[in-house]
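**Student:** Each chain, letter by letter, is given below.
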Amino acid sequence: EAEVAQSPRYKITEKSQAVAFWCDPISGHATLYWYRQILGQGPELLVQFQDESVVDDSQLPKDRFSAERLKGVDSTLKIQPAELGDSAMYLCASSLGGPQDSYEQYFGPGTRLTVT
Amino acid sequence: AQSVAQPEDQVNVAEGNPLTVKCTYSVSGNPYLFWYVQYPNRGLQFLLKYITGDNLVKGSYGFEAEFNKSQTSFHLKKPSALVSDSALYFCAVRPYTGRRALTFGSGTRLQVQP
Chain L
1 EAEVAQSPRY KITEKSQAVA FWCDPISGHA TLYWYRQILG QGPELLVQFQ
51 DESVVDDSQL PKDRFSAERL KGVDSTLKIQ PAELGDSAMY LCASSLGGPQ
101 DSYEQYFGPG TRLTVT
Chain X
1 AQSVAQPEDQ VNVAEGNPLT VKCTYSVSGN PYLFWYVQYP NRGLQFLLKY
51 ITGDNLVKGS YGFEAEFNKS QTSFHLKKPS ALVSDSALYF CAVRPYTGRR
101 ALTFGSGTRL QVQP
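Protein chains in written order, with the numbering used here: chain L, 1 to 116; chain X, 1 to 114.
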C-alpha cells in the first residue's frame, strides 16, 4: 500500500538553528499539506500546495517558516531560526485533488521536533 | 471559520462493551466529516468519512459514525470494543466548498480495559 514518506522521524536542534523536514506524498497526489501538532492538541494546517503552487499559507509564520514543492512532487518545510515554541510533531499529508478526489487525506508518520 | 469540539478528553470502556466518542462541528454550508486514529509517535490513520448520502457511515476496523445535521454531530461508535482500539481519536471537518484543509478537534483518548 502506498504511503506518505517523511524524514527525519526525529530531530533535536538548538534554538536559533535552522531545521528542514522532507515529505514525499503518495504518487499521483496533487495536493500536499503540512500540519503542526502540538502535544495534546489536534493538527493545525501550516501550508497547502496544489501541485507546485501554494494555495493556503495563511497560518504559516512566514518570518521563520518556508515551504516549497518545486516540481509538484516532494516538499520541504524549513524553520529558521527555530524557537522553543516550535517543538511539535510536523505532519505531512496528501490527497488526490482534482475531480477524482475522494476527499480523505493520507498522513505520513510525522517528524517529532524538539528545540532545546 | 469552521471548528470541531470533542468534549471528552478521555473515554474509558471495558473490552466487549460498545463505545462512543463524541464530536460536534461548526462549518458554513454542508460539511465533509472525518475520523482519524493516532497511535503513539505515529501519523494519523483514516477511519471513515461522511460526504453525502446515508447518515450512518461504516469504516475501518468495525467503526461507524452517524451524521446528525440538526445536532451538528458526528459521533464515532463501535458495537464491541477491543483492547487494541486504545488510541487517540480525532474528528475533523472541512466545508463542501472552499478551503480543503481539515480542521481537527483536540482529540479524545480511548482506553479499553481488558
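Read the hints as simulated data drawn from the structure, not as lab findings. Don't take every hint at face value.
Unchecked claim - The calculated SDA-like cross-link candidates involving lysine to any residue, where the alpha carbons are at most 20 Å apart (straight line), are:
no. : chain 1 : residue 1 : chain 2 : residue 2
1   : X       : 22        : L       : 53
2   : X       : 49        : L       : 98
3   : X       : 49        : L       : 101
4   : X       : 69        : X       : 51
5   : L       : 71        : L       : 84
6   : L       : 78        : L       : 2
7   : X       : 49        : L       : 106
8   : L       : 11        : X       : 42
9   : X       : 77        : X       : 96
10  : X       : 49        : L       : 64
**Student:** Can you list which hints this structure breaks, lowest number first?
**Tutor:** 1, 5, 6, 9, 10
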